[in-house]
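Chains as they are written, first to last, in my numbering: chain A, 608 to 764; chain B, 608 to 764; chain C, 608 to 764.
Check the hints yourself; a few may be wrong.
Unchecked claim - For lysine to aspartate or glutamate, the following EDC-like pairs were computed, each having C-alpha atoms within a straight-line distance of at most 16 Å:
hint	chain 1	residue 1	chain 2	residue 2
1	C	K759	B	E729
2	C	K697	B	E754
3	A	K700	C	E729
4	C	K759	A	D610
5	B	K611	A	E757
6	A	K756	B	E729
7	B	K696	A	D741
8	B	K759	C	D610
9	C	K611	B	E640
10	C	K696	B	D610
11	C	K759	A	E757
12	B	K759	A	E729
13	B	K700	A	E729
14	A	K697	C	E729
15	C	K611	B	D610
16	B	K756	C	E640
17	C	K759	B	E754
18	A	K756	B	E757
19	B	K701	A	E729
20	A	K759	B	E757
21	A	K759	C	D610
22	B	K655	A	E729
23	A	K663	B	E729
24	C	K759	B	D610
25	C	K756	A	D610
26	B	K697	A	E757
Unchecked claim - Just a few of them, taken from the derived set where beta-carbon distance is under 7 Å, the chain B residues facing chain A:
hint	residue
27	K611
28	D622
29	N629
30	L698
31	T702
32	M704
33	L707
34	G747
35	L762
36	I764
Said to hold, decoys possible - Counterexamples of contact, computed for chain B against chain A with all Cβ distances above 12 Å:
hint	residue
37	D610
38	L667
39	K697
40	N703
Keep in mind that the hints were calculated from the coordinates and are not lab data. Ideal Cβ placement from N, Cα and C applies to all residues, glycine included.
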Amino acid sequence: MKDKMTIILFSGEMDKAVAAFNLATTAAASGMEVSIFFTFWGLNVIKKKSEYAISKSQLLMQKMFNILASHNLPISRLNMFGLGSRMMKKLMKKTNMTSLEDLMKLAKELGVKYIACTTTCEMMGLTKEHLIDDVNEFAGATTYLAEAKESKINLFI
Amino acid sequence: MKDKMTIILFSGEMDKAVAAFNLATTAAASGMEVSIFFTFWGLNVIKKKSEYAISKSQLLMQKMFNILASHNLPISRLNMFGLGSRMMKKLMKKTNMTSLEDLMKLAKELGVKYIACTTTCEMMGLTKEHLIDDVNEFAGATTYLAEAKESKINLFI
Amino acid sequence: MKDKMTIILFSGEMDKAVAAFNLATTAAASGMEVSIFFTFWGLNVIKKKSEYAISKSQLLMQKMFNILASHNLPISRLNMFGLGSRMMKKLMKKTNMTSLEDLMKLAKELGVKYIACTTTCEMMGLTKEHLIDDVNEFAGATTYLAEAKESKINLFI
Chain A
608 MKDKMTIILF SGEMDKAVAA FNLATTAAAS GMEVSIFFTF WGLNVIKKKS EYAISKSQLL
668 MQKMFNILAS HNLPISRLNM FGLGSRMMKK LMKKTNMTSL EDLMKLAKEL GVKYIACTTT
728 CEMMGLTKEH LIDDVNEFAG ATTYLAEAKE SKINLFI
Chain B
608 MKDKMTIILF SGEMDKAVAA FNLATTAAAS GMEVSIFFTF WGLNVIKKKS EYAISKSQLL
668 MQKMFNILAS HNLPISRLNM FGLGSRMMKK LMKKTNMTSL EDLMKLAKEL GVKYIACTTT
728 CEMMGLTKEH LIDDVNEFAG ATTYLAEAKE SKINLFI
Chain C
608 MKDKMTIILF SGEMDKAVAA FNLATTAAAS GMEVSIFFTF WGLNVIKKKS EYAISKSQLL
668 MQKMFNILAS HNLPISRLNM FGLGSRMMKK LMKKTNMTSL EDLMKLAKEL GVKYIACTTT
728 CEMMGLTKEH LIDDVNEFAG ATTYLAEAKE SKINLFI
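With the hints as extra help, turn the sequences into a complete structure.
Structure (structure tokens):
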């Protein structure tokens, strides 16, 4: 039986997502079974990039949250209204660090499982259509706990 | 013997507290033994709601921290001077998501153990009288480590 | 064989670093084997205190990040442009709480292992010369995962 790792990605920041996917892909590449649970702001990481995650059926407040917390992920320090985030992306490119987009492609190739938190999806008015196709499952805390109990490494990011 | 989970709640934000208590109550409801260690800003989550956690014996700086970091918990992104936090509370209500208050009531009913960090309580000038009655114990890192070593899931939130 | 603990220190904030080193030193003092992996903003915690971590070979953006995210660590809430951080340091002193500097000295005496993340060091243009001598090793996610799999407690801070 394979060693397992779970990550709860609560944060919607680019640097934290890079850290999470760096760990996830390295673990999966070394033969571990990895699940990432996206909840709260972490859902922004798996929103479709082509559009704002809004639709007619959403409440006004849901639309506001989805526009303000868009797929343009900030960084967790020195974001400076997005300048810091753009600078970090450039730096990552210049120093040959794998971008979040490429880490996420790699994660899928390596079979990392994406689970979107049902409860926070409902709060934010997010459905399957707003999220990338790579999401494997919608589930809640019960599913997370069952996997985490069987895992050697559990992180909350 | 029951499976155990520990959570260190370092953050004093409403959304992170909801995530922590959501996990804690789901785990406890499924038969796990859960302890939450409240430290630093996480102590704001267990302050009495009826008043500011200040008293005559506190240093001026302790009073300032306790007034500024009050029981009106912000959210970790898009707080917008409290507007975001109020919006999220409304959204949670409209989408039938359990509020932090109700999650905390449930946690107590399910026997989730609350441990307040002695060291940071002393730094902030907080005593038993400033915190809700549900706190089971005041303890430090040694107690945490003893429990975490026996637990299947350990999270820092 | 000794019980192990790993901590990923992603955050570059004083309060989170104090929490991390408090746990690390308590664990090491009780006979556990502890490793701290410093990545992203966490690298600021192990920068030399005497100077800005800049050098001629760095890219302009690296210099900017290293100057802006200096060794003057903010706190994660109520930092108020550094005032909060200074207040918290004073409070820690007045209430006889061990300072971050002293916790770090203690950690070294107790044999806590410091590992600096190669990937983020490269992104930030940080080399051995910019970091304190206490760093034991430069390594990546593979090294972390190998240790975490053998550990009873793994935290992401």
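Structure-based check of each hint:
no.: 1; hint: K759/C with E729/B; result: violated, 29 Å
no.: 2; hint: K697/C with E754/B; result: violated, 31 Å
no.: 3; hint: K700/A with E729/C; result: holds, 11 Å
no.: 4; hint: K759/C with D610/A; result: holds, 14 Å
no.: 5; hint: K611/B with E757/A; result: holds, 12 Å
no.: 6; hint: K756/A with E729/B; result: violated, 34 Å
no.: 7; hint: K696/B with D741/A; result: violated, 30 Å
no.: 8; hint: K759/B with D610/C; result: holds, 14 Å
no.: 9; hint: K611/C with E640/B; result: violated, 22 Å
no.: 10; hint: K696/C with D610/B; result: violated, 39 Å
no.: 11; hint: K759/C with E757/A; result: holds, 13 Å
no.: 12; hint: K759/B with E729/A; result: violated, 29 Å
no.: 13; hint: K700/B with E729/A; result: holds, 11 Å
no.: 14; hint: K697/A with E729/C; result: holds, 13 Å
no.: 15; hint: K611/C with D610/B; result: violated, 20 Å
no.: 16; hint: K756/B with E640/C; result: holds, 12 Å
no.: 17; hint: K759/C with E754/B; result: holds, 11 Å
no.: 18; hint: K756/A with E757/B; result: holds, 12 Å
no.: 19; hint: K701/B with E729/A; result: holds, 10 Å
no.: 20; hint: K759/A with E757/B; result: holds, 13 Å
no.: 21; hint: K759/A with D610/C; result: holds, 14 Å
no.: 22; hint: K655/B with E729/A; result: violated, 30 Å
no.: 23; hint: K663/A with E729/B; result: violated, 51 Å
no.: 24; hint: K759/C with D610/B; result: holds, 14 Å
no.: 25; hint: K756/C with D610/A; result: holds, 8 Å
no.: 26; hint: K697/B with E757/A; result: violated, 36 Å
no.: 27; hint: K611; result: violated, 10 Å
no.: 28; hint: D622; result: holds, 5 Å
no.: 29; hint: N629; result: holds, 6 Å
no.: 30; hint: L698; result: holds, 5 Å
no.: 31; hint: T702; result: holds, 5 Å
no.: 32; hint: M704; result: holds, 5 Å
no.: 33; hint: L707; result: violated, 13 Å
no.: 34; hint: G747; result: violated, 21 Å
no.: 35; hint: L762; result: holds, 4 Å
no.: 36; hint: I764; result: holds, 5 Å
no.: 37; hint: D610; result: violated, 6 Å
no.: 38; hint: L667; result: holds, 29 Å
no.: 39; hint: K697; result: violated, 6 Å
no.: 40; hint: N703; result: violated, 8 Å
In the structure shown, a violation is registered for the earlier hints numbered 1, 2, 6, 7, 9, 10, 12, 15, 22, 23, 26, 27, 33, 34, 37, 39 and 40, in ascending order.
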